[in-house]
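Asks: Note that the working numbering numbers the sequence shown so that position 103 is 103, with each residue one more than the last.
Hints are supplied without guarantee of correctness; some may be wrong.
[What the hints assert, rightly or not] Quick list of in silico lysine to aspartate or glutamate cross-link-like pairs, EDC-like style, CA-CA up to 16 Å:
| id | residue 1 | residue 2 |
| --- | --- | --- |
| 1 | K78 | E67 |
| 2 | K92 | E102 |
| 3 | K100 | E67 |
| 4 | K31 | E129 |
[To be verified] Label-pair ranges, simulated between beta-carbon atoms:
| id | residue 1 | residue 2 | range |
| --- | --- | --- | --- |
| 5 | A131 | H103 | 38 to 48 Å |
| 6 | R49 | T105 | 14 to 24 Å |
| 7 | P132 | N56 | 15 to 25 Å |
| 8 | T73 | E32 | 27 to 37 Å |
| 9 | F33 | K86 | 32 to 42 Å |
| 10 | Q111 | M72 | 32 to 42 Å |
| 11 | E82 | E102 | 34 to 44 Å |
| 12 | G59 | T122 | 31 to 41 Å |
Just so you know, these hints were derived from the structure itself, not from any lab.
Every value quoted in this text rests on a predicted model; they were computed, and no experiment measured them.
From the three backbone atoms N, C-alpha and C, an ideal C-beta is built for every residue, glycine too.
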Amino acid sequence: MKKFITTLVFALMISCCLYAQDGKPVTATTKEFMQINTVESVLAGGLGRSRLIVTNPDGSQTDTDLENLFSMTGINFKNIKENENKLVKLLKKYTDEGWKLEHVTPLTLSQNDTGSGGIFMTRYLLSKEAAPKEKA
């Protein structure tokens with residue numbers, strides 16, 4: 001029985017190899033990934049630094065300023081609207097180029113017990129099919 005199973009597995013492996021080598025090039029599809037991070041400061045008075053960081057598939061990065069969520073008088077809704085507008089335009093640009101939003105991860109960090117200070121960070125993972133590569 002053991003000899004029969006071994007022979008069967010060996011025959012299947014050979015037939016799979018022969019089937020894969022029918023003279024046609026075998027193509028492999030791979031995905032490229034890109035990540036967008038928004039880091040929004042929760043420090044009052046514009047003292048914080050907020051950024052939008054894009055990590056491209058080749059590892060290079062671009063950094064764009066975002067407005068701080070708070071001004072001296074509290075929450076600044078104009079700044080929130082501007083930040084959302086930048087992000088939506090950027091996501092639309094990439095989806096128009098064929099990128100697909102794979103996953104969104106929201107993160108929050110509070111710096112101290114009084115609740116003053118901290119950041120909101122959101123990571124957007126995008127992917128798209130890379131150009132097929134010919135295998136030898």
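Asks: Hint by hint, which ones does the structure fall short of?
Replies: Structure breaks hints 3, 5, 8, 9, 10, 11, 12.
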